[in-house]
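Residue numbers (my numbering), protein chains in the order written: chain A, 1 to 181; chain B, 1 to 343.
There may be inaccurate statements among the hints.
[Stated by the list, open to error] Partial list, computed: chain B residues near chain A (C-beta under 7 Å):
no.: 1; residue: Ser-125
no.: 2; residue: Leu-132
no.: 3; residue: Trp-136
no.: 4; residue: Leu-175
Honestly, the hints are just simulated from the structure, not real lab data. Each residue gets a CB set at the ideal place from its N, CA and C atoms; glycine is no exception.
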Amino acid sequence: MNAYAEMAGLDPLTSGEVVVAQNIAFGLIAAIMLFSALRMVTTRNVVHAALYLVIVLAGSAAIFILLGAEFVGVTQVLVYIGAIVVLFLFGIMLTRGALGVDEEEKGEQRLMSCLVAGLLAIVTAGALINTFSDAELTRSSPSTTATVGDSIFSQFIIPFEAVSVLLLAALIGAIVVARKD
Amino acid sequence: MSVVLADLAYWQETTIRLLVGLIAVLLPAGTLVYLFLFKMMSFMQSRLGPMEAGPYGSLQLLAEVGKFLQKEDIVPKAADRLIFKLAPFVVLISTFLLILVIPAGPDLWFIDVDTGIFLGLAVSSISVIGILMAGWASSSKYSLLGALRATGQLIAYELPMVLAVVGVIIQAGTLNVQEIVMAQATGEIFGFGGIGNPYVITQFVGFLIFLIAVQAELTQPPFDMPVAESELVTGYLTEYSGLRFLMFFIGEFATAAIFSALAATLFLGGWYVPGLEATDNLFNVIGPIVLLGKMLLVAFFIFWFRFTYPRFREDQLQQLAWKVLIPLSLVNIVITGVLKVVF
Numbered sequence: 001m002n003a004y005a006e007m008a009g010l011d012p013l014t015s016g017e018v019v020v021a022q023n024i025a026f027g028l029i030a031a032i033m034l035f036s037a038l039r040m041v042t043t044r045n046v047v048h049a050a051l052y053l054v055i056v057l058a059g060s061a062a063i064f065i066l067l068g069a070e071f072v073g074v075t076q077v078l079v080y081i082g083a084i085v086v087l088f089l090f091g092i093m094l095t096r097g098a099l100g101v102d103e104e105e106k107g108e109q110r111l112m113s114c115l116v117a118g119l120l121a122i123v124t125a126g127a128l129i130n131t132f133s134d135a136e137l138t139r140s141s142p143s144t145t146a147t148v149g150d151s152i153f154s155q156f157i158i159p160f161e162a163v164s165v166l167l168l169a170a171l172i173g174a175i176v177v178a179r180k181d
Numbered sequence: 001m002s003v004v005l006a007d008l009a010y011w012q013e014t015t016i017r018l019l020v021g022l023i024a025v026l027l028p029a030g031t032l033v034y035l036f037l038f039k040m041m042s043f044m045q046s047r048l049g050p051m052e053a054g055p056y057g058s059l060q061l062l063a064e065v066g067k068f069l070q071k072e073d074i075v076p077k078a079a080d081r082l083i084f085k086l087a088p089f090v091v092l093i094s095t096f097l098l099i100l101v102i103p104a105g106p107d108l109w110f111i112d113v114d115t116g117i118f119l120g121l122a123v124s125s126i127s128v129i130g131i132l133m134a135g136w137a138s139s140s141k142y143s144l145l146g147a148l149r150a151t152g153q154l155i156a157y158e159l160p161m162v163l164a165v166v167g168v169i170i171q172a173g174t175l176n177v178q179e180i181v182m183a184q185a186t187g188e189i190f191g192f193g194g195i196g197n198p199y200v201i202t203q204f205v206g207f208l209i210f211l212i213a214v215q216a217e218l219t220q221p222p223f224d225m226p227v228a229e230s231e232l233v234t235g236y237l238t239e240y241s242g243l244r245f246l247m248f249f250i251g252e253f254a255t256a257a258i259f260s261a262l263a264a265t266l267f268l269g270g271w272y273v274p275g276l277e278a279t280d281n282l283f284n285v286i287g288p289i290v291l292l293g294k295m296l297l298v299a300f301f302i303f304w305f306r307f308t309y310p311r312f313r314e315d316q317l318q319q320l321a322w323k324v325l326i327p328l329s330l331v332n333i334v335i336t337g338v339l340k341v342v343f
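All chains, please: the whole structure from these sequences, using the hints.
And the structure:
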């Protein structure tokens, strides 16, 4: 979207038209995401829940792209939709019968999960409001992939390596737990 | 399609992009079906193939489409109707998004973004969800087994595919597909710039891994365990008929065409032919034809393997991916990285 505005000689971030379009797009995406997120936790069918999760994750990828964070958005699609949800679906379909609607699972952990979700929402909202309550979105230019790569491998190299080692540990742990002998 | 369209209104531009995208997906797919599935396969089996519809059977494709459109769109009684009906669209969406990243000339591209090839690999993985949806919603054991096999295979072969592309990315120093083409067009081999530097020479191992992975991603022989007709009828496609079957069929061959075009772009220099300046305006005219030619060359190999080799067993298929292709592509990345630093 920004590329077109540049070509037409408009500054993509100050020209009102583009921002209006972005606001409308954000509203639409947010509404779809909210609806899907609600359906995801209320639907009785596990596969439907996983498919609603796909819509939520695709929505967050779209919002990343709206914010100009193209690389993060694409990574969201590749990692979450292309790999994690596929593994969810794979696991569900391997372990349940075809078209398994679990009527007997009334959810004895419902109270606990509501509590955890509520607490998490309060903490996240509190942190966000505390940090950004008066801040205006700075109209910085879209981050290019090169800058993301540079900052990962210079400024954030230690957190990046730490996360890599953590993931490796989790992988090895999973293999050890799954091994029979 | 970029600078050319800069003066048009947004909706006009979008309409033109949609139409061109539709042609760019359907035309190569139809060409592959007629040229390879109808004719090449027939010749390899000492028969003529379709000869009646149109001169030399060239209109057979339209006849087939007409046939599928007339058929009843059957949904099994026990199926999850909505998901069953949506599944072919999810597969097609993945295909249509994939064409976006392939440039056909210096100014002929759909989107020219920094993430380029990374975006292409990301959207190509969406089709797995469509296949799982189709297999599960059919509520048939054959379909479910087929979908699970397909998913296991697609996950296994996506890794060597991505890792094979990483070699090209390291050598070109960019994710942007247009810049990868430019890097090949302006590259030199030991100081000789006569033919540019198509990466099929330096990344030959990567090219082979990419072709094998494409073959597996398309779930076609010798990697067609998911649709093994002697055990699973046609896998996740079993319950589909009429238009929706046609959509899966188009999706399969369009994906074959686009992956071939992607291989041609990454390894064979894309729309560029040696002898001209890479920025020459002429490439906006002949670029698409050059790309189509290179795509047909790659697709010829893919279909040649398809018609020649017998099916892998499931364990052989997984072993090839995890024990051979992935280690090989990792070694390829290391060597490419070392050579990139040395030279």
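Which hints, by number, does the structure contradict? none
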